[in-house]
Structure formats: structure tokens, C-alpha cells
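Undergrad: So you can see what is in the structure, the chains are spelled out below.
There are 2 protein chains.
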Amino acid sequence: MITVVVLGTGNLAHHLCQAFSINVKVKLLQVYGRNTTALKNFEKFAETTNSLDTLKKSDVYVIAVNDGAINKVATALKDREGLVVHTAGALPMDSINNKNRGVFYPLQSFSKERKIDFSTIPIGIEAFHPNDKILLHNLGASISNKVFDLSSDKRIKLHVAAVFVNNFVNHLYSIGAYICNQQEIPFEILHPLIRETADKIRILSPEEAQTGPASRNDMETMKQHLEYVNNPLHKKIYQLMSESINQSYEKKL
Amino acid sequence: MITVVVLGTGNLAHHLCQAFSINVKVKLLQVYGRNTTALKNFEKFAETTNSLDTLKKSDVYVIAVNDGAINKVATALKDREGLVVHTAGALPMDSINNKNRGVFYPLQSFSKERKIDFSTIPIGIEAFHPNDKILLHNLGASISNKVFDLSSDKRIKLHVAAVFVNNFVNHLYSIGAYICNQQEIPFEILHPLIRETADKIRILSPEEAQTGPASRNDMETMKQHLEYVNNPLHKKIYQLMSESINQSYEKKL
Numbered sequence: 001m002i003t004v005v006v007l008g009t010g011n012l013a014h015h016l017c018q019a020f021s022i023n024v025k026v027k028l029l030q031v032y033g034r035n036t037t038a039l040k041n042f043e044k045f046a047e048t049t050n051s052l053d054t055l056k057k058s059d060v061y062v063i064a065v066n067d068g069a070i071n072k073v074a075t076a077l078k079d080r081e082g083l084v085v086h087t088a089g090a091l092p093m094d095s096i097n098n099k100n101r102g103v104f105y106p107l108q109s110f111s112k113e114r115k116i117d118f119s120t121i122p123i124g125i126e127a128f129h130p131n132d133k134i135l136l137h138n139l140g141a142s143i144s145n146k147v148f149d150l151s152s153d154k155r156i157k158l159h160v161a162a163v164f165v166n167n168f169v170n171h172l173y174s175i176g177a178y179i180c181n182q183q184e185i186p187f188e189i190l191h192p193l194i195r196e197t198a199d200k201i202r203i204l205s206p207e208e209a210q211t212g213p214a215s216r217n218d219m220e221t222m223k224q225h226l227e228y229v230n231n232p233l234h235k236k237i238y239q240l241m242s243e244s245i246n247q248s249y250e251k252k253l
Numbered sequence: 001m002i003t004v005v006v007l008g009t010g011n012l013a014h015h016l017c018q019a020f021s022i023n024v025k026v027k028l029l030q031v032y033g034r035n036t037t038a039l040k041n042f043e044k045f046a047e048t049t050n051s052l053d054t055l056k057k058s059d060v061y062v063i064a065v066n067d068g069a070i071n072k073v074a075t076a077l078k079d080r081e082g083l084v085v086h087t088a089g090a091l092p093m094d095s096i097n098n099k100n101r102g103v104f105y106p107l108q109s110f111s112k113e114r115k116i117d118f119s120t121i122p123i124g125i126e127a128f129h130p131n132d133k134i135l136l137h138n139l140g141a142s143i144s145n146k147v148f149d150l151s152s153d154k155r156i157k158l159h160v161a162a163v164f165v166n167n168f169v170n171h172l173y174s175i176g177a178y179i180c181n182q183q184e185i186p187f188e189i190l191h192p193l194i195r196e197t198a199d200k201i202r203i204l205s206p207e208e209a210q211t212g213p214a215s216r217n218d219m220e221t222m223k224q225h226l227e228y229v230n231n232p233l234h235k236k237i238y239q240l241m242s243e244s245i246n247q248s249y250e251k252k253l
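Line order of the protein sequences matches chains A and B. Throughout the first sequence, residue numbering follows the numbering used here, covering 1 to 253 in sequence. Throughout the second sequence, residue numbering follows the numbering used here, covering 1 to 253 in sequence.
Worth flagging that the hints you see were computed from the coordinates, not collected in a lab. Among the hints, erroneous ones may be present.
The list treats identical chains as one, so a pair stands whether inside a single copy or across any two.
DSBU-like, lysine-lysine: derived pairs with alpha carbons at most 30 Å apart [unchecked claim]: (1) K223 x K72; (2) K146 x K115; (3) K154 x K223; (4) K25 x K146; (5) K112 x K223; (6) K40 x K72; (7) K236 x K223; (8) K99 x K223; (9) K57 x K235; (10) K154 x K235; (11) K235 x K223; (12) K99 x K133; (13) K146 x K133; (14) K78 x K56; (15) K133 x K57; (16) K133 x K78; (17) K25 x K115; (18) K40 x K56.
Working from the sequences, and respecting the hints, build out all of it.
TA: Below, the structure written as C-alpha cells:
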């Protein structure tokens, strides 16, 4: 049984607590948060506290606060015997200077409104001490089927990839919704296409799956499309993405 | 019973023939294609021909060839009584000049390798004659649960939106795969994130779902990320997408 204290009351903290609290291999001892209103929602999972001085002794302390607050919270835990891990994609392990430190990085985008099946979420782990890596591996494997070693350097680069396939993809959805809205067409019309585009790359590589005017260098359609894009930034995005697709495609010829 | 002749042997033609051939409300009379090798694969669906002169009399002729060849095929059908429709997103209905003309536009991305459930695919229809619109509606409704009127003008704009959420999204997946490849991390690690990003916008609007460094104007993370992106076009895409996300976000404040 691995004892865990979670620090943070955001979306990731919420989903982690949910997964840990129903897990027989983990004992979620406590949840810490500064915001007492947010903390109320965590009472169903474990004891809660808004004071770092009253934290219980635990095998692992999982810091799931905003990147900017991680160092401060970790510093408050510097005399603890337990393993202190952060959960950030963009920060190196050594951004916390605790003796026993590590990273526990679930590669997913969390919203309170969405239920998550943690078993499918890859968790990248890193620890300063080899024994702590085994501990983290066990903790990860208790909730996920996909726990893997991930150095700080690789994690940060993987986080960049995640920004492209998650944040930027979502922004393209926003642009799609914006165009639909202008045409008084419900955005739902695009849902099947969006899902198929996401699912197709499980069977084909994205390079193989690429279609559209830019991939066949169909200048006429692209020129016509640009006339219809009235937002200047969207126009630039159309041009740049087409240029990049075209370049990838030409390389293959 | 609506009789149909399909012209074309590409992915869309293949999926349409598959859907029509098993449908009790439709009789797929014939498939036309110039490429006799490709045409072989259609023999399981209906009679095939590689001569436009031997086309059967039919209620509807569905042209599913490349945009550039549509006009030529339509012209060969100009004396036919039946309704001649094209299936292109980017071309107006009047790009074919048949007396009885229309458009039958399934809003999906088709690959031969992927099975498609046509019932979930929205089909936008347009016809020159009101009676033909009823015919097209019935044809669409025989294979899809979502048939809707779509004028040429709106269709072309919707096609632009589709390019953003399909072609451009897929290219962002390519960039993600490229970064993973450089790090010797399997791209499959990103699959759950990709699926969740696509599924989330069924519950939240893309604007509500937006997360990441650009949406919170986290300059430090963005600066660090840019150092890790070594492909010049990918770097430009990172900057432009971040600028566009940031601008949408600022508007809301």
C-alpha cells in the first residue's frame, strides 16, 4: 500500500484524487489546497488541509499546482522523508530541490467536466533515486496501463509535441467553429470529421493520412479558400500550414 | 427505389458504392471508371464500365472523381434525363451545366483502409430543381441520419472550415509525430491526448476547452518551447498559433 498526499485543487489534482481514492493499492491520506472553497470538493476523496504545516507523513507527495507555484510548495516539503514529485510537462525534475524528488507526468488534458479513464493515460516518470523510480512506477501502474521512463529533457520536448496536437489542434477547432458560426451552420456538422481525423492516425501515420488542397498543391482551391477567410490571422494560418504541408509532401517526392 | 450510377473509383466512390449497394432503398446500377484496374474492385458492388457511352439510364448520376475531371464527366452526361450531381466541397453547383444538376456532399475524409459508418456522416445537398432536392434528400437519408440543405456559397465556406479541422489538424499530428520520432518516443504515447482533444469539443466549445501556455500567456514556457523546436516552419507555426490563441483569449477578457 503506497500512501499519497496530493497538493493542489485543480483539474489534474481532482482526477488524480478520484483515481487514487478508489484504488486498493494506494491510500490517499490527504489533499492540500490554499483555496478552501475548491478544497471542499475534495472532502469526498480524503482528509483536506489548507496548511502545509499539517501535512501527514506519506510515501509520496504529488504536487499538482500551477507551474509557477510548484517550487514554493516543494520548498515547504524540503525536510520531508517522502518522495516529492511534480506533475508538470514543461519543468525539469531539478526545478524542485528536494532530496527525494521526481516527476509523475500524466500525458493528458484534464477538464473537470469530463470523466477520464486513467487506465489509458500514459504516465511518464522520473526520479532522482533509483528506488524512488520503482516506487513511482508502482504508483503509476496502480492507475494506468502505460507507465514509462521519461527524462526531463525528453519530457519537455514531448510537452512541445503535446502543445501541437492538443492546444494548437483545439485552436484549429475554434477557427472551424468560428467559420461555421459566421455561416450559421452548427459546428456539430464538423464533429464526425474531427473524430475520424483523430482516429485515422491510429491506423495510418499522419503523413499517410494527409489529404487536402495543400498536399496535392491545388493552387486554385487554395487561392479560392483564402478569399473566403476574412480573419487576418486565420488567413496567415491557412498560408503557413499549407506551405508546411506542401514542404513535407515535396520532400517525399 | 432510387436508381444510381456512380462515376469514379477513388475512396469516396468506394465508400458510396459500399453504402448504396447494401441499401434496400437504392439500386446501384453501375460504376464508371477510366482506370480498369481500380474498376475491378467495384465489381462486387455493381456492373462496371469504362465507357461513358454505355452508361445506363438512372435517376441519379453521382460524380465522385477529382475536382479537375468533374466538368468533363458532367459534360458527357449533358443529354441525360437523370439528375447529375457532384460531390466536391470546393466547387459551386453551377460548375456543371447539366439541365438537372445538384450537389451531394458527404462531409467526411475517406480512406480505403478505414471502414466508415455512413449513418453518422452529414450530407449537404443542393439541387437546381426543387423536385430534385427531394430526390437527393431521399437518397442521402437512405444512408445517413444527417442530410441538410447547403447552398454552394455555404458549402465552399464549410469546406474551408473542414480544411482547418481535418487537413491542418492532421498536419499538426505530423509535427507531433516528427518531434516524437526525434526523441525516439513512440507517437502512440500521444494517441490518448489526441482522442481526448477531439472528443472534448463535443461537451465544451473549443473556446472553453482551450488550455496551454498561449492561452494563459505564459511567455516563459513558450520561449523555452521555441528553443526546442528546430524545424523553421514548425517554429513559425508555434509562434503564429500562439499569437492567434492569445488574441482570441484577450478578446474574451
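Undergrad: Run every hint past the structure and note whether it holds.
TA: Outcome of the hint check:
In this homomeric assembly, K223 and K72 come within 30 Å of each other (Cα to Cα) only across copies, at 22 Å, whereas the closest approach inside a single copy is 52 Å. In this homomeric assembly, K146 and K115 come within 30 Å of each other (Cα to Cα) both inside a single copy, at 18 Å, and across copies, at 28 Å. For the homomeric pair K154 and K223, the shortest alpha-carbon distance between copies (17 Å) is at most 30 Å, but the shortest distance inside one copy (39 Å) is not. With identical chains, the CA atoms of K25 and K146 are at most 30 Å apart within one copy only, with a shortest distance of 17 Å there and 47 Å across copies.
For a Cα distance limit of 30 Å, the shortest separation of K112 from K223 across copies, 28 Å, qualifies, whereas the shortest one inside one copy, 41 Å, does not. Taking identical chains as interchangeable, the C-alpha atoms of K40 and K72 lie at most 30 Å apart only when both belong to the same chain, with a minimum of 23 Å there against 68 Å between chains. In this assembly of identical chains, the alpha carbons of K236 and K223 lie at most 30 Å apart whether taken from the same copy (13 Å) or from different copies (21 Å). When the C-alpha separation of K99 and K223 is checked against a cutoff of 30 Å, the pair qualifies only between copies, where the shortest distance is 29 Å, while the shortest distance within a copy is 59 Å.
Taking the shortest alpha-carbon separations for K57 and K235, neither the intra-copy value of 55 Å nor the inter-copy value of 45 Å comes in at or below 30 Å. Proximity of K154 to K235 under the C-alpha cut-off of 30 Å is restricted to the inter-copy arrangement: shortest distance 18 Å between copies versus 33 Å within a copy. Proximity of K235 to K223 under the C-alpha cut-off of 30 Å is found in both arrangements, the shortest distances being 11 Å within a copy and 24 Å between copies. When the C-alpha separation of K99 and K133 is checked against a cutoff of 30 Å, the pair qualifies only within one copy, where the shortest distance is 14 Å, while the shortest distance between copies is 73 Å.
Taking identical chains as interchangeable, the C-alpha atoms of K146 and K133 lie at most 30 Å apart only when both belong to the same chain, with a minimum of 15 Å there against 51 Å between chains. Taking identical chains as interchangeable, the C-alpha atoms of K78 and K56 lie at most 30 Å apart only when both belong to the same chain, with a minimum of 14 Å there against 82 Å between chains. With identical chains, the CA atoms of K133 and K57 are at most 30 Å apart within one copy only, with a shortest distance of 19 Å there and 72 Å across copies. Taking identical chains as interchangeable, the C-alpha atoms of K133 and K78 lie at most 30 Å apart only when both belong to the same chain, with a minimum of 19 Å there against 72 Å between chains.
Only within a single protomer do K25 and K115 lie at most 30 Å apart by alpha-carbon distance; the minimum there is 21 Å, versus 40 Å between protomers. When the C-alpha separation of K40 and K56 is checked against a cutoff of 30 Å, the pair qualifies only within one copy, where the shortest distance is 19 Å, while the shortest distance between copies is 71 Å.
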